[in-house]
Structure formats: C-alpha cells, structure tokens
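Peer 1: Protein sequences, first through last, are from chains A and B. Quick note on the numbering used here: the first sequence kicks off at 4 and runs consecutively. Quick note on the numbering used here: the second sequence kicks off at 7 and runs consecutively.
Just so you know, the hints here were simulated from the structure itself, not pulled from any lab data. Please read all numbers here as calculations on a predicted model, not as lab measurements. Please note that a few of the clues may not be correct.
Unchecked claim - The calculated label-pair distances, taken between Cβ atoms and stated as ranges, are:
1. B:175 with A:65: 42 to 52 Å
2. A:198 with B:105: 27 to 37 Å
3. B:142 with A:81: 31 to 41 Å
Even glycine gets a Cβ: it sits at the ideal position worked out from N, Cα and C.
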Amino acid sequence: MRREKLRALAPLEEPAAPTDLRVRQLRARDLLRGDLEGPDLERHVEESVLTTTMQKAIGWGRANSIFPATFGLACCAIEMMSIVSPRYDIARFGAENMRASPRQADLLILSGRVSIKMAPVCRRLYDQMLEPKWVIAMGACSSSGGMFANYAVVQGADKFMPVDIHVPGCPPRAEALVYGFNKLQRMILGNPDPGWRRRYNAAGTEEWAREATGEASKEEIEAYEAARELAATHEAARSQASRGGPT
Amino acid sequence: MPDAPGLELIAQDLNDVAGGSVLGTYHEHGQGCLIVDPEHVLDILRWLRDEPGQEYRFLSSLHGVDYLPAEPRFGVVYELLNMPRVERLRVRAALRDPGGDELPELDSCVSLFPTAEFHEREVYDFFGIVFRGHPDLRRILMPEDYVGWPQRRDFPMGGEPVIFTRDEPVMPRWYE
Chain A
4 MRREKLRALA PLEEPAAPTD LRVRQLRARD LLRGDLEGPD LERHVEESVL TTTMQKAIGW
64 GRANSIFPAT FGLACCAIEM MSIVSPRYDI ARFGAENMRA SPRQADLLIL SGRVSIKMAP
124 VCRRLYDQML EPKWVIAMGA CSSSGGMFAN YAVVQGADKF MPVDIHVPGC PPRAEALVYG
184 FNKLQRMILG NPDPGWRRRY NAAGTEEWAR EATGEASKEE IEAYEAAREL AATHEAARSQ
244 ASRGGPT
Chain B
7 MPDAPGLELI AQDLNDVAGG SVLGTYHEHG QGCLIVDPEH VLDILRWLRD EPGQEYRFLS
67 SLHGVDYLPA EPRFGVVYEL LNMPRVERLR VRAALRDPGG DELPELDSCV SLFPTAEFHE
127 REVYDFFGIV FRGHPDLRRI LMPEDYVGWP QRRDFPMGGE PVIFTRDEPV MPRWYE
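Generate the whole structure from the sequences, applying the supplied hints.
Peer 2: Listed below in structure tokens is the structure:
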C-alpha cells in the first residue's frame with residue numbers, strides 16, 4: 004500500500020524533484036525495511052551513495068577542520084589575528100578555533116621574523132605538535148629573512164623546520180593569508196596547486212639557471228637538468244593529450 | 007636643560023671635584039653634553055646625582071656608540087634627567103679600543119642607578135664593553151652562546167645576498 008502511495012507521489016517515468024524531501028524519506032524507509040528493489044533501489048543508490056577513497060575522505064576531514072596554533076611572532080601577527088574576525092572569517096573554512104597549546108594544534112603560522120633566539124622555540128613548538136601538522140610561513144621575513152638581512156634574524160624559516168606554504172607580503176593582507184590557507188587545504192586534500200613555473204611550463208627559468216650568473220655549481224647543473232627534463236615530459240604529455248583530442 | 011654657560015659651570019665644578027675628568031663639552035639642539043674620562047665616570051655621576059643644585063636623580067637611558075674611524079673609538083652615553091626642573095644632561099664617556107681581543111672597560115654605575123643593570127648588559131651584549139662591578143654581566147638580547155659584538159661597526163652585516171634579476175645584466179655578480 005505504501006508502495007502505491009510512493010508511486011503515486013513519484014512515478015518512475017517522471018523523476019521526482021530532488022528537493023522533494025517526503026519522497027526521499029519514504030524511499031529511505033523502504034530501503035531500510037528491505038522493501039526497495041529493482042529500478043527503485045538502483046535509483047536510490049545512485050542518488051544517495053557517494054564512493055570515494057579512504058585517503059580522500061580523511062583528507063577532506065582534515066582540510067576542513069584545521070586548528071591553528073595561537074602563535075604570533077611580529078607585525079604579521081596583527082594581520083593573522085584578523086583572519087578570525089567577522090570581516091575575513093576563516094570560520095568559513097573551518098579553522099576559526101585557535102588552540103593555545105601546540106598539542107592541540109595542527110597548523111603553525113609563522114607570522115613574522117624569526118630571530119635566531121626564537122628559532123629553537125619555534126622548532127620546539129613544531130616538534131610538540133601532533134601529526135599530521137602543517138606550517139605556513141607568513142610574510143617575507145619568515146620566508147626569506149625579508150628586509151632583515153642581518154645578524155639577528157634567521158634567513159628563512161625552512162632552515163630549521165619544514166614549511167608547506169609561503170605567503171608573500173610585508174605583511175600579507177588577511178585575504179592573502181586566507182588564500183594561502185586555501186592552498187594548504189587543497190594540499191591536504193591531495194590535490195595541490197602546481198607552482199607557476201609548472202603551470203606556465205616555465206621550468207628551467209629559475210634565476211640561478213640563467214647563464215649570466217657565471218659558473219654554476221654541480222648541484223645547480225643537476226637541478227637545472229632535472230627541471231628541463233620535467234618540462235619536457237610535461238610538454239610531451241600535453242601534446243599527446245592535444246593530439247588525442249577531446250573524445 | 008642647562009644652557010651653554012651653565013654647562014661650562016658644571017664642567018668647571020667637576021674638574022675641581024675630580025681633576026681633569028671633563029675632556030670637553032658641547033651644546034647643540036638645546037642639549038648639553040659632557041665628554042668625560044671613563045676612569046672618573048662614577049665620581050662624576052655621583053656628583054651630578056647628589057650635589058645640591060644639580061640633583062640629576064634619574065638615569066633615563068644608557069647606551070653605547072661605536073665611532074669606528076675615530077679614536078677614542080667607543081662612547082658610553084648616560085642620559086640624566088632632573089625631574090623637578092625637567093632638565094636633561096648628557097654625559098659621554100670616551101673609551102679607547104684596547105685592541106686585539108681585549109675589551110674596553112669602565113666602572114658600572116649600578117650602585118648609583120639600579121636601572122643601569124639591564125642597560126649595561128645591553129651595551130655589553132652589543133658592543134663588548136665591560137662594566138667593572140656589574141652584579142650579573144652577561145648577554146641580555148642575543149643568545150647566550152653568541153660569539154661577537156654585533157653592533158660594532160666592523161662586525162659583518164650578516165644575512166644572505168639577494169640576487170635581483172634587474173641588477174644581474176648590468177652588474178654581474180654584484181653581490182660579491
């Protein structure tokens with residue numbers, strides 16, 4: 004009898020509007036009772052089951068519930084603080100909850116210059132964080148030393164800890180940090196954005212690879228060859244794809 | 007602020023108290039300065055603090071300077087303030103560089119102005135000027151195992167060379 008009612012509501016020939024909640028509710032109840040079979044069952048599965056890999060599901064969960072550490076180093080920290088404010092609102096991406104303990108955090112934002120006295124402290128905080136963990140180097144100073152080319156500041160935070168994302172700027176605007184954070188999310192999902200050299204097929208154009216700089220070291224030559232090879236493979240793959248054409 | 011004649015009077019009185027202790031004076035931008043012999047700096051500061059009529063009771067800052075090509079090379083500058091009269095007086099001890107690995111020395115004024123403790127540690131940290139009689143003379147801002155006196159003018163700048171694309175064709179290897 005229920006079946007008749009359902010058919011009356013949503014005949015198979017005309018698919019019911021997906022917003023028709025009542026129809027879907029009834030169908031789900033039938034499924035649980037074991038009453039649903041044949042084309043009805045197939046349609047239900049098609050509409051309501053999503054297949055994925057475990058890794059992707061875990062990545063999705065991780066990327067959308069990041070807990071940044073409450074950790075400011077210098078003036079960039081002022082910009083970092085504003086990302087949780089309603090104006091920029093990183094809660095849209097599920098990272099509004101700044102944890103005051105590295106044990107509970109999984110993202111460290113290096114917001115400012117790292118002095119050589121602070122570097123061991125940053126490293127210790129990073130070591131205390133639980134896996135999986137990520138690091139964003141925010142601003143020019145923590146990425147490269149920035150304007151502080153002097154005796155007191157570490158010339159780039161990746162000298163003492165791994166950094167996933169570098170956000171340029173002095174300081175970067177809060178939007179830039181949110182953009183970097185979105186890149187990190189895509190990286191966690193296993194779908195990282197390619198760098199611009201790869202995107203524009205410009206591998207091998209690094210400044211150190213230019214001939215004007217004079218003698219290149221052995222490592223530089225090797226890296227240059229590797230970059231050229233990568234570009235060639237990339238180009239070959241692209242031309243093959245274009246030759247195959249859209250099917 | 008003591009005006010220029012007032013500064014000269016102070017210098018004369020000081021030379022009477024400790025003979026030959028004031029090496030020079032100058033007065034510019036409304037600020038008087040006594041250049042003094044570092045051996046007598048404690049006597050001078052005590053006199054300026056306690057003498058009725060002077061009473062510079064507050065040491066607002068103490069800092070070091072490196073005038074590298076000049077000799078005496080180092081200066082330790084005391085900024086004194088008389089708070090009731092709002093008068094400021096600068097005292098600069100001119101220190102010679104002993105050369106080699108030896109560090110220049112002068113007396114600590116922590117016994118007169120307790121605030122000088124951290125200031126003197128900072129001067130020691132950055133310029134390698136030793137304050138005799140300081141209760142706890144060690145580095146304050148740089149890491150404890152740091153080697154060298156980074157604010158001296160002959161200390162290398164540090165950092166890393168940056169290659170800008172626009173500079174490379176006109177000045178090849180400019181950073182060397």
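Peer 1: Can you give the numbers of the hints that this structure goes against, from lowest to highest?
Peer 2: 2
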